[in-house]
Structure formats: C-alpha cells, structure tokens
Amino acid sequence: GAVVSQHPSWVICKSGTSVKIECRSLDFQATTMFWYRQFPKQSLMLMATSNEGSKATYEQGVEKDKFLINHASLTLSTLTVTSAHPEDSSFYICSARSSSPYNEQFFGPGTRLTVL
Amino acid sequence: LAKTTQPISMDSYEGQEVNITCSHNNIATNDYITWYQQFPSQGPRFIIQGYKTKVTNEVASLFIPADRKSSTLSLPRVSLSDTAVYYCLVGDRVGSSASKIIFGSGTRLSIRP
Numbered sequence: 020g021a022v023v024s025q026h027p028s029w030v031i032c033k034s035g036t037s038v039k040i041e042c043r044s045l046d047f048q049a050t051t052m053f054w055y056r057q058f059p060k061q062s063l064m065l066m067a068t069s070n071e072g073s074k075a076t077y078e079q080g081v082e083k084d085k086f087l088i089n090h091a092s093l094t095l096s097t098l099t100v101t102s103a104h105p106e107d108s109s110f111y112i113c114s115a116r117s118s119s120p121y122n123e124q125f126f127g128p129g130t131r132l133t134v135l
Numbered sequence: 365l366a367k368t369t370q371p372i373s374m375d376s377y378e379g380q381e382v383n384i385t386c387s388h389n390n391i392a393t394n395d396y397i398t399w400y401q402q403f404p405s406q407g408p409r410f411i412i413q414g415y416k417t418k419v420t421n422e423v424a425s426l427f428i429p430a431d432r433k434s435s436t437l438s439l440p441r442v443s444l445s446d447t448a449v450y451y452c453l454v455g456d457r458v459g460s461s462a463s464k465i466i467f468g469s470g471t472r473l474s475i476r477p
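Those sequence lines, one after another, are chains A and B. Just so you know, we're using our numbering here: the first sequence kicks off at 20 and counts up by one. Just so you know, we're using our numbering here: the second sequence kicks off at 365 and counts up by one.
Hints are supplied without guarantee of correctness; some may be wrong.
[Claimed, not checked] With a straight-line Cα cutoff of 20 Å, these simulated EDC-like cross-link-like pairs (lysine to aspartate or glutamate) come out: (1) Lys367(B) / Glu78(A); (2) Lys60(A) / Asp375(B); (3) Lys60(A) / Asp446(B); (4) Lys367(B) / Asp431(B); (5) Lys464(B) / Glu123(A); (6) Lys464(B) / Glu106(A); (7) Lys33(A) / Glu106(A); (8) Lys367(B) / Asp456(B); (9) Lys464(B) / Glu71(A).
Rather than coming from a laboratory, the hints here were simulated on the basis of the structure.
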C-alpha cells in the first residue's frame, strides 16, 4: 500500500514551547489529510481534517489556535502544537487520502510527543 | 455515524481461530463495516471491509448477518504477532470521497504462546 511518513517519530519538549509535526504522503498526492490524537490505552480521536490549500476543519472541542494545521502541498501537512503543556503529551497520528477515484486513506506511523 | 460496541479485550492462544464481534444496531442502509488493526505505537492499518454476507481476504474474514446489526471479524490460526487492538467502524465506504474515519473503543486482543 501507499506510504505515509511522519517526522519526527518522537519528540520531547519543555512546557511552553511549540512543536511541529510533519506528515508526508510519499508516493501519492493527498488532497485531504487527517490528524488524530491518541492517549495511552485509548482510541484515536479525530482532531481535524485538512484540505490542500484551504483552512482545516476542526472537530468539536479541539482548539484551532492551539493546534495549527497547514496543508500547503498535496504531499505535506503539518501540525504545530503551540505553547505545549504536559497534558498535550500524546501520540499524534496523521492519515492521508489519495485523490479520486480511489480515495484510499493511509495512516502514518505516529509521533509521540512528551511535554515536560 | 452508527455507534459500535465491541468487547474491550480478548485473550487467545497461538494457532486458534479468533472471532471478534461488533454490534451496530443503528447501522444505516448505505453504511459499510470496516475493521482496522493497530499495533502498539503504530498507526492503524486497514484489514477488511464489507457490506453484507461474507468477505474474505488474505488476512481475515468478515461475517455479516442479513440484518447487518452486527458483524464478526474472524482471524484464522492467530500468532503472537496478531496481538493488537482491532477497531470496528461503521460508515462511509473506505474509498468514498466523503469518508471521515471515526474510531470507536476497539478490542485489545492478546495472543499467548
């Protein structure tokens, strides 16, 4: 299947700093990318949907000023956790959906964020 | 989206067949049933999708009764590497441009030697 990568795979930062996570579709163009968050022993929670060239659509309860999403190209979306706090520590997973007609969706390997 | 209910956890042994059942009483006419697998510290992976009756691929089988209010994922002859969380989803067909994947609680499957 198609490959979606995330960088970094893990990151440790101090409270109050901002962290950027990249999501790339390596061998296909993704008009839509999704960002999820997963706390330990819990399911994935959809945070936002981003379409290339337009503003992201955030799920209810997700602060758009806290989690900045940029989808500037058909192969790259970034999630920036601004002014991170320990409660933002989580596993962040992106997925990318290929263009029509296939519309297949592939998940990245995830990024583990630890905020000290 | 139709809500799904599945066991929180299951245990089995290597070589056994494992069946995980998912209830989705409010499934809509156009909804598909999809299962994903997630290993620890990895992203989910698509396993199988079906609409009715039975679907089989190289990884698993999916059994869907006529009323479609439940479904059963069947993993033949499991191995230790099948230890993972399995998610049952009901909604748009994977591959639909309108689909947005929402995960339920999942079933944590543990395989023992």
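Okay, the hints, checked on the actual structure:
1. Lys367(B) / Glu78(A): holds, 17 Å
2. Lys60(A) / Asp375(B): Since the Cα atoms of Lys60(A) and Asp375(B) sit roughly 16 Å apart, the hinted pair holds (cutoff 20 Å).
3. Lys60(A) / Asp446(B): holds, 17 Å
4. Lys367(B) / Asp431(B): The hint holds at about 16 Å.
5. Lys464(B) / Glu123(A): holds, 11 Å
6. Lys464(B) / Glu106(A): violated, 26 Å
7. Lys33(A) / Glu106(A): Distance ~12 Å between Lys33(A) and Glu106(A) Cα, so the pair holds.
8. Lys367(B) / Asp456(B): holds, 13 Å
9. Lys464(B) / Glu71(A): holds, 16 Å
Violated hint for the displayed structure: number 6, the only one.
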